[in-house]
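Full structure from sequences and hints, please.
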Amino acid sequence: MGMIYDVVVIGGGQAGLSMGYYLQQSSLSFIILDHNAAVGDVWRKRYDSLVLFTPRAYSSLPGLALPGDPSGFPTKDEIAEYLELYARTFELPIQHHCHVQKVQKENQLFTVTTKDSFIEARNIVVAAGPYHTPKLPSFAKELPTHVIQLHSSLYKNRTQLNEGAVLVVGGGNSGAQIAVELSEHHKTYLSVGKRLRFLPLTVSGRSIFWYFDKLGILKADRQSFIGKNLQNQGDPIFGYELKEKLMNNSVMLCGRTKSIDYDEIYFEDQSSIKVENVIWATGFNPNYSWIDIPSLLDHHGLINHYRGVTEIEGLYFLGLPWQYRRGSALLLGVGDDADFLSQHISKCK
Numbered sequence: 000m001g002m003i004y005d006v007v008v009i010g011g012g013q014a015g016l017s018m019g020y021y022l023q024q025s026s027l028s029f030i031i032l033d034h035n036a037a038v039g040d041v042w043r044k045r046y047d048s049l050v051l052f053t054p055r056a057y058s059s060l061p062g063l064a065l066p067g068d069p070s071g072f073p074t075k076d077e078i079a080e081y082l083e084l085y086a087r088t089f090e091l092p093i094q095h096h097c098h099v100q101k102v103q104k105e106n107q108l109f110t111v112t113t114k115d116s117f118i119e120a121r122n123i124v125v126a127a128g129p130y131h132t133p134k135l136p137s138f139a140k141e142l143p144t145h146v147i148q149l150h151s152s153l154y155k156n157r158t159q160l161n162e163g164a165v166l167v168v169g170g171g172n173s174g175a176q177i178a179v180e181l182s183e184h185h186k187t188y189l190s191v192g193k194r195l196r197f198l199p200l201t202v203s204g205r206s207i208f209w210y211f212d213k214l215g216i217l218k219a220d221r222q223s224f225i226g227k228n229l230q231n232q233g234d235p236i237f238g239y240e241l242k243e244k245l246m247n248n249s250v251m252l253c254g255r256t257k258s259i260d261y262d263e264i265y266f267e268d269q270s271s272i273k274v275e276n277v278i279w280a281t282g283f284n285p286n287y288s289w290i291d292i293p294s295l296l297d298h299h300g301l302i303n304h305y306r307g308v309t310e311i312e313g314l315y316f317l318g319l320p321w322q323y324r325r326g327s328a329l330l331l332g333v334g335d336d337a338d339f340l341s342q343h344i345s346k347c348k
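What the sequence shown shows, in numbering that gives the first Met the number 0, is residues 0 to 348, in sequence order.
Don't read these hints as lab results, they were simulated from the structure.
Each statement offered as a hint is correct.
Lysine-lysine pairs mimicking BS3-like chemistry, simulated, CA-CA at most 30 Å apart:
| hint | residue 1 | residue 2 |
| --- | --- | --- |
| 1 | K140 | K273 |
| 2 | K114 | K348 |
| 3 | K186 | K155 |
| 4 | K193 | K155 |
| 5 | K193 | K242 |
Here are the computed distance ranges between Cβ atoms for each label pair:
| hint | residue 1 | residue 2 | range |
| --- | --- | --- | --- |
| 6 | G62 | Y261 | 51 to 57 Å |
| 7 | V202 | M2 | 50 to 56 Å |
| 8 | L252 | H145 | 22 to 28 Å |
| 9 | F138 | G1 | 48 to 54 Å |
| 10 | Y287 | N106 | 20 to 26 Å |
| 11 | N228 | H96 | 40 to 46 Å |
| 12 | V202 | Q100 | 45 to 51 Å |
| 13 | V202 | S258 | 38 to 44 Å |
Yeah, the Cβ is synthetic: ideal placement off N, Cα and C, and Gly gets one too.
Structure (C-alpha cells):
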C-alpha cells in the first residue's frame, strides 16, 4: 500500500484545514483527503445570498486573518476564497476528488478505502463536518410534481422556483435568510416549530460576538452552566431583517408543518395553505456508515467522544457542533479544537 501516514485527515473544509495547520507544525506525516474539486467548494455551493452572521474579526482560522473590514460580514464566496488562500499559504497537502468509501481498523493501523486506492494511517481525524444527508420529513414525497421543492442545500436563488407563493420550512438562520430574500419577489410563508428568538448583529456599534467574547460565552465549554444553558436554548436568529419582514407581513409565520395532502400543506394548529414552492431548511442528519469500526456510536446514535477523542485509539473527530464549545463547528472556534487534537496525537505517538 506504500507509505503509512501518522495522520490521515478526512475532509478539506475549515476543520480539516485547521487540523492541517497544526499538524504542519509537528513532526507528524499527514495528508488531507477531500472529495471536492477545490478548497472552498462546499461554501461555493451554498445559496447565492448567504452572508455570515459572524463578522470577519470572528471568522478566521488560526494563523491567517480573513482579509477585509474586521467589523463587516463576509459572503460565502469570500469564505471560499479565504480557505483557498489558507491552504496555499501553509502549503497543506490535500488530495482532491478523493471520496472515502470506508475506514477500517486492524491491530494498530487504519485503512482508508477510496475509489482509487487504499491508504494506511496510525491515526484518523474525521473532519467531514456534521452536515451529511439532507433531513426531510417523510411526508415531503406527498407533494405533487408541479410544486417545486428543494432542500436548502440545493437552493441557489429564486430562478430555480415557480412564480407564486413559497413556503420555507425551518426556523434557523439559513431559513431566515432565504425567507427574507424570497419575500422581495414571492408571497412568502415561514414554518417554524418553536418560538423565534432574535439577537442583534451589533450593539452600540460593536458586533454582538465582541460581547460574547468579553463575557466568556465563546469559551464556555459544553458542560459548563453557560454552555448547558446555550445548548438548551438553541441558536437564535442573528439580525432583525426577518423580524421586520414578519412585522410588516412580508413574511407570514406558520406553525410546525405536520402533514401534506396533495398540494395542501397542514400546520400544527390545523390551518393549511397551498403554495407553488417549498424550501426545506430542515437541517441534516449525520452519516458515518462508511466508518466500519464497532462501538463508534453511543446508545443515542451519537459519536462517543470527549473533545473529539473517541474511545477507539487513534480515531478523532473535528468540527462537530458543541464538540467542546459554542464555536466548535464555526470558523471562529474550530482552531482551538484542532490544536488540542494535534497535541493529543503528538503525545500519544
